[in-house]
Each structure stands twice: as C-alpha cells, then as structure tokens.
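Student: The lines below spell out each chain.
There are 2 protein chains.
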Amino acid sequence: MARQLRAVRTRQALVDAAATEFDRSGYAGAALNRICRAAGITMGALTFHFSTKGELAAAVQAKGQTVTRAALAALPSGPAPALHRAIDATLELARLLEEEPTVRSAARLSRERPDGELAWTTSWITAVQDLFSQAYRDGQLHAAVRPEDLAMLSRFLILGAEHRARAAGEQSVEEPREASAVEEVRQMWDIIQRGICGPSSLAPS
Amino acid sequence: MARQLRAVRTRQALVDAAATEFDRSGYAGAALNRICRAAGITMGALTFHFSTKGELAAAVQAKGQTVTRAALAALPSGPAPALHRAIDATLELARLLEEEPTVRSAARLSRERPDGELAWTTSWITAVQDLFSQAYRDGQLHAAVRPEDLAMLSRFLILGAEHRARAAGEQSVEEPREASAVEEVRQMWDIIQRGICGPSSLAPS
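As you go down the protein sequences, you meet chains X and S in turn.
As numbered in UniProt numbering, residues 1 to 205 make up the first sequence, in order.
As numbered in UniProt numbering, residues 1 to 205 make up the second sequence, in order.
Think of the hints as simulated: they come from the structure by calculation, not from any bench.
All values derive from a computational prediction rather than experimental measurement.
Here a beta-carbon is modelled for each residue, glycine too, at the ideal position from N, C-alpha and C.
Careful, some of the hints might be misleading.
[What the hints assert, rightly or not] Reference excerpt, derived from the structure (chain S facing chain X, CB under 8 Å, subset only):
| id | residue |
| --- | --- |
| 1 | Met1 |
| 2 | Leu32 |
| 3 | Ile41 |
| 4 | Met43 |
| 5 | Ala45 |
| 6 | Thr52 |
| 7 | Leu91 |
| 8 | Leu141 |
| 9 | His142 |
| 10 | Leu157 |
| 11 | Leu159 |
| 12 | Gly169 |
| 13 | Glu183 |
| 14 | Gln187 |
| 15 | Gln193 |
| 16 | Arg194 |
Given only the sequences and the hints, what does the whole structure look like? Please build it.
Tutor: Have a look at this one:
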C-alpha cells in the first residue's frame, strides 16, 4: 500500500511539473530533464510512469479536462437566469486559465497535438452551449442570436483569456496590463450584452 | 548587380520558408534543415544570411508586420462610417491570417518571443483603435462603450481568427468547420453590434 501511494504521488508530481513545462515551452520545446528536476524525480522514474513524451502530455490534458469539468459542475445551478450562468461559466474558465497550470497547459497542448478526445474545449463547450440554449428558450436572447454563435464567441473569448493569462505569467513586455483575464472577459461580455451601436449608427451590414 | 539580386532572392526564399516552418512548429520546434530543404538552399547559405535562428525569426516578424501595415493602408478610406471601416480592418486581418504564412507566423512568434517592437499587434492595433475612436466621436457607438474596449475585443477576435486559420490549415480533427475565419469574425461582429439581450433579459450585471 505504501508503495502504491508513493507511485500515485510520484505520478501526480510528474503531471504537475509537466503541466508547467508544457505551458511555458509548448509540446515541441518541453524538456523532460527540466520536468524531472522540477518534480525532484529521476529520469528512470519518469520513463517508468510515462514511456513517451506523448503519454505524459496526454496525462496532463486528461487532468486539465477533469479539473475543468469539476469546476463547472461546482458552480451554483440556480436561480440565476441561464444567460448569467453561461457568462459565469466562461468567467470560471478564464479564472482556471489564470490559476491552474494543468488547465492552461491542456488548452495549449490540445492545439499543438490535435486529437478529438483530448481537446480541452470538449470539457466545457457543451455545458456552455446548453446554458445559452436555455437562455434562448427563456427569451433572454435577441431572437436573431443563435446559441451556437454564442458558443463560438465564447471560444474566441476563452482563447483570448488563455493568451492573456500566459502573457501575464511571463510578464511580457508586449502587453503591459493591470486587469486580470477574468476582468477582461467580464468587460467584453458587458459590451456584447448591450451591443455597441449608438443612436446615429447604421444598421449592421 | 546579378549577385546582389541573387542574394536578395535567397533571403526572401529563406524568410518565406521559415514563415511556413515557424507557423507550423513554433519557434522551439522549428528545424533549420527543414527550412533549407523547403527553400532549396544549403545550410551554409542560411547561416551566411542569418547567423542565428533568432535573426531568422526576427526577419519573418518584420515581414509579417510590413505585409499587415501595407494591407491596412490599402483599404478604402471613405466614405464608409468609421465603425464599418474598423470592422473591415479586422476582417482584413483575419484574411491575412488565413492566406499569408508570414503574417500567421509573425502572430505566433510574437507570443513565443516577447519583444515589444516585433510584436505583431503593434502593426495594426493603433490603426484599429483610431477608427473606433472616430466612430465614437461620430456618435456611432453607444456612449458607454469605450474605443479602447473595442480595441481589446478586436484583439480577442483576431487571436481567435489566428487559431481558427491555423487549425483549418492543419485540418484538425478537433474542429471540423465550414466557415472561414473571416466569415466567423464577421458573424461575431454582427452579434456584437446588435447586442445579445432579448426583451425579457435582465440588465447587465
């Protein structure tokens, strides 16, 4: 039992260290020896648990999906209107992207290693689209706005949040910023809810 | 003269081949020998023109910026309302991201190698924000919508367009799709112009 517990802990430490490394350097740039050093584990132990870099990446992606599903499931389910719950779900995703290296890493890896089942988006897109569909049925949405378009818009915002969160972690000189990714996504939804056109604006083309 | 012309052509062929390689594999994953092979140029000639991978990447980024600035400058300047011109500018950026490997590569490299001057965003963000500011002054925007918020929203949409364009090029199984990135960004602006809230919706939180 003690040996099994140790093996589980070693595995977890490797997945956490790998998440940080894949998040920073991407799949191609990630170095297994840096992951070992960060986890305090020998290369022999790493290859015992994960025989390839791909296996390790898949474990990180699976953990990122699990963390995401759990976080969305833990959000309050009512009595707030569905539109607000949909938006709150995307804010929770932005928070995860800022605070959870496994989630940020899963998002990056699922672009760099396309694989339908491991794609991070699959862990949240259905839940978010279902909430927008509910909002539509409840009359909260403009009749011309389709729930699937809002799911697409959410993907764009979440992708933006991922990159803003990563840039903040790296203190990029490119984009000095004060607001968190969560705050930025909230601002975008405030604009999107109201629409941007003023009184003298022409009808949308 | 003939030798100088040949040198310019060699340099251009290397930058174009490097753009495709950086776009696909990222900075860390890009292989100089694949770039040489694609350009039909020896490694010796590559290192004569670019002594480091970083120099080659900087040349790709500079070309991506030049292409972007030229494309925006070539858009018609009137008499369309400034809001429509701002949106058209973002659609042109989405088109470049779909069709121009140097631009897509510049966008990717400027995230992977943070450097203020080479950041691809700097080649368009001021022009786009100026158009939104003009739209604001012309009363085309809702009074509560700030031009800088729309510049931020544009960044989110353009980042999304970049990834959609790249995923389409790789024919990712993750995201089967029919619409082009340009068409998707246009759909998003249609929604954003109108706003999403229906009659029974509560006021934005």
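Student: Does each hint hold? Answer for all of them.
Tutor: Status of each hint after checking the structure:
1. Because the closest C-beta pair between methionine 1 of chain S and chain X is about 40 Å apart, greater than 8 Å, the hint is violated.
2. The closest approach between the C-beta of leucine 32 of chain S and any C-beta of chain X is roughly 14 Å, which is over the 8 Å cut-off, so the hint fails.
3. With a cut of 8 Å, the hint placing isoleucine 41 of chain S at the interface with chain X is violated, because the nearest CB-to-CB distance is about 23 Å.
4. For methionine 43 of chain S, the interface hint is violated, the least distance from its beta-carbon to any beta-carbon of chain X being 20 Å, above 8 Å.
5. Checking alanine 45 of chain S against chain X: minimum C-beta separation of about 25 Å lies over 8 Å; hint violated.
6. Given the 8 Å rule on beta carbons, the hint for threonine 52 of chain S is violated: about 16 Å separates it from the nearest Cβ of chain X.
7. This hint is violated: leucine 91 of chain S has a C-beta 11 Å from the nearest C-beta of chain X, more than the 8 Å allowed.
8. Hint status for leucine 141 of chain S: holds, given a least beta-carbon distance of 5 Å to chain X, under 8 Å.
9. Because the smallest distance between the Cβ of histidine 142 of chain S and any Cβ of chain X comes to about 5 Å, under 8 Å, the interface hint for this residue holds.
10. Because the beta carbon of leucine 157 of chain S sits about 6 Å from the nearest beta carbon in chain X, less than 8 Å, this interface hint is met.
11. Taking 8 Å as the C-beta contact cut-off toward chain X, the hint placing leucine 159 of chain S at the interface holds, the least distance being around 5 Å.
12. Proximity of glycine 169 of chain S to chain X is violated relative to the hint, the smallest CB-CB distance being about 11 Å (cut-off 8 Å).
13. At a threshold of 8 Å, the smallest CB-CB gap from glutamate 183 of chain S to chain X is about 11 Å, leaving the interface hint violated.
14. For glutamine 187 of chain S, the interface hint holds, since its Cβ comes within 8 Å of a Cβ in chain X; the closest pair sits about 6 Å apart.
15. Taken as an interface hint, glutamine 193 of chain S checks out: its beta carbon lies about 5 Å from the nearest beta carbon of chain X, inside 8 Å.
16. The beta carbon of arginine 194 of chain S comes within 5 Å of a beta carbon in chain X, closer than 8 Å, and the hint placing it at the interface holds.
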